[in-house]
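*Asks:* Chain R is fixed; fit chain Y onto it per the hints.
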Amino acid sequence: MPLDDQHTYLDLHVHSTDGSDDAGGTVEGYLKWAAAKRKHGFRIDGFVLTEHRNYVPDRDYAELAARYDSVVLRGVEVETDVGHVLVFGVTPEFFKEFDVANVSLPYREVFRAAWEVGGIAVGAHAGRPHIGLVDHVEARNVSLEDVRVIEGLNGGSSDFENARGHDLALSAQLREIGASDSHFVTGLGRCMTRFDGAVRTMDDLVARLRDPHAVFTPVRLEETVEGARIADRPTVAQLVPFSSRQGDLGGDEIEYDRSAVGREVHAGKFEVTRESIAAYCEALEETNPLYTDDAVAAEGPYRGVVAPPGILQTARMSPPPDPGIDFGTSFMAGSRQEYFLPLRPGDVIDGYASVKEVYEKTGRSGRMIFVVRRTRYVNQHGENVAALETSMVHRQTRAVEGDS
Amino acid sequence: MTTADYLATQRYFEDTETGDEFEVFQHPTTEHVQAFLNSNTGEGPRRGTGDGRFSNNSDARRMGLERPIVPGTMSTAMITRIVTDWMGPLGRIVSLDVSFRRPVLHNDQLRCLATVIDASDDALEAGGPAVVKLDVVLENERGERPVQGTAEVELPRRAE
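Those sequence lines, one after another, are chains R and Y.
Take 1 as the starting number for the first sequence in the numbering used here and just add one per residue.
Take 1 as the starting number for the second sequence in the numbering used here and just add one per residue.
Check the hints yourself; a few may be wrong.
[Unchecked claim] Calculated lysine to any residue pairs in the SDA-like style (CA-CA distance at most 20 Å, straight line):
#1 K39(R) x S58(Y)
#2 K39(R) x S55(Y)
#3 K37(R) x V116(Y)
#4 K37(R) x D4(R)
#5 K39(R) x T16(Y)
#6 K37(R) x A4(Y)
Think of the hints as simulated: they come from the structure by calculation, not from any bench.
On a predicted model such as this, the values are computed, not experimentally measured, just so you know.
For reference, chain R alone in the conformation it holds in the complex (with noise of 0.2 Å):
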């Protein structure tokens, strides 16, 4: 369904690869996405792009916008002390008074700037531990004076932190918007705002979201369909809490050894074999004939037996260059490999490893450092075979109570 002035269907906060260190979605391809799911139905007007911590001032997706009769707007998602902060409608007068990339910005300077430069700040994910508003409501009773809107609705948060979202919007009379917090491309548009009328530009936007009375209302994708009624949300009396509330926010920078960073280093080898693709496959109940049978696969592109790609992740490496966090506990928080040629029994391999950046923000589990590694495997033939980029992220952990 083209765009219409009755109503305007927007995801006011989503996340691309154009400024987002953690997204896997192109603008493009949100474009592409929101313009197949309007085939089947479903309203996806536009959207908002509000990548972490940064703005870059001359980026211009009008045309791209137009092409596919949408609309792309741009805010930036900040960091504050008390969780994320959406601002949209920002000037460079904005930007002079706050480093975006700072991961606890004082959060009553952000909204206060915000409405004073003309724009408005919406509190993100509220209900979400540490990095929504209302876990500092009811820990230090943080005052909302400058708060007009908050997020209540968000395609990342599950519907718990939902419900701790739309209470506190019930209890303190702030008012409501709905966005999906994609990162990909299919999460665009899970929740979004409501809008009565035409809105097709940040002035508009933002006049919408300063009148108070505007009338905007959270909704979620399968909501948008023609006849398709807006559900009563539920609050947090109604549902079973759940959180993964873990570390604190703030404190000192960490230090770690900086030159550690971009130094590979020969990580370790080992021998693709008929027994290590076998364990692999049985683990994963993998009963793919390419890897597992020798008469199917020798009919195949690859005229014999390989190893699913994915037996890279059994390879045991040294770890790179040590830069030292010393700081919580160390999990995995991403990867991306790229496959370059397939592996074969008896090939065998050598891993060069390196420590690629070390950055920090913040997230659920409160404060987070990330370490980037990256390794490339080598065959004998001295043939690149793949390279696998790891993402650990360092963070506080505190034990369940109760018992299991």
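*Replies:* Chain Y only, in chain R's frame:
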């Protein structure tokens, strides 16, 4: 499965459309996790034997986890598997990115979902390969999506 049966599962570029979905269900038990860790090979240090997060309930709870977790490498392997299952024997994974947003726990009932997000002819018209983009997700029975990612897969064309 015969060779002919297997090759008949091949997916071709012309047959894909944005929005197509493909799903596989996985139920990683404690035994599966142990088997995966035992399948690890190479000269480096053994994984999963240090702090007990992958195997021991008490250790996991001490670390703030409801119960032992599935190693990230195994979750990545499960995501990789859905892509290889989807693409068929002549397909090739060009790249795969995954992001862990919550832990995957032992005995989670996982729906592994791959969705075509871009199967347009743009790249082909520019003289490039027939690459399809997928979103890949592990979704648990609580409706959470602890692992999400994207894959680029090169598929054969029917004319080839």
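*Asks:* It remains to establish, for every hint, whether it holds in the given structure.
*Replies:* Now for the hints, and whether the structure bears them out:
Proposed proximity of K39(R) and S58(Y) is contradicted: the alpha carbons are some 50 Å apart, above 20 Å. A C-alpha spacing of about 46 Å is found between K39(R) and S55(Y), which places the hinted pair above 20 Å, so the restraint is violated. Under the criterion of a C-alpha separation no larger than 20 Å, the hint pairing K37(R) with V116(Y) is consistent with the structure, at around 12 Å. At most 20 Å may separate the alpha-carbon atoms for a hinted pair to count; K37(R) and D4(R) meet this at roughly 16 Å.
For the given pair, K39(R) sits about 16 Å from T16(Y) by alpha-carbon distance, which is consistent with the 20 Å threshold. A hinted pair counts as satisfied when its Cα atoms are at most 20 Å apart, and K37(R) with A4(Y) does not qualify at roughly 36 Å.
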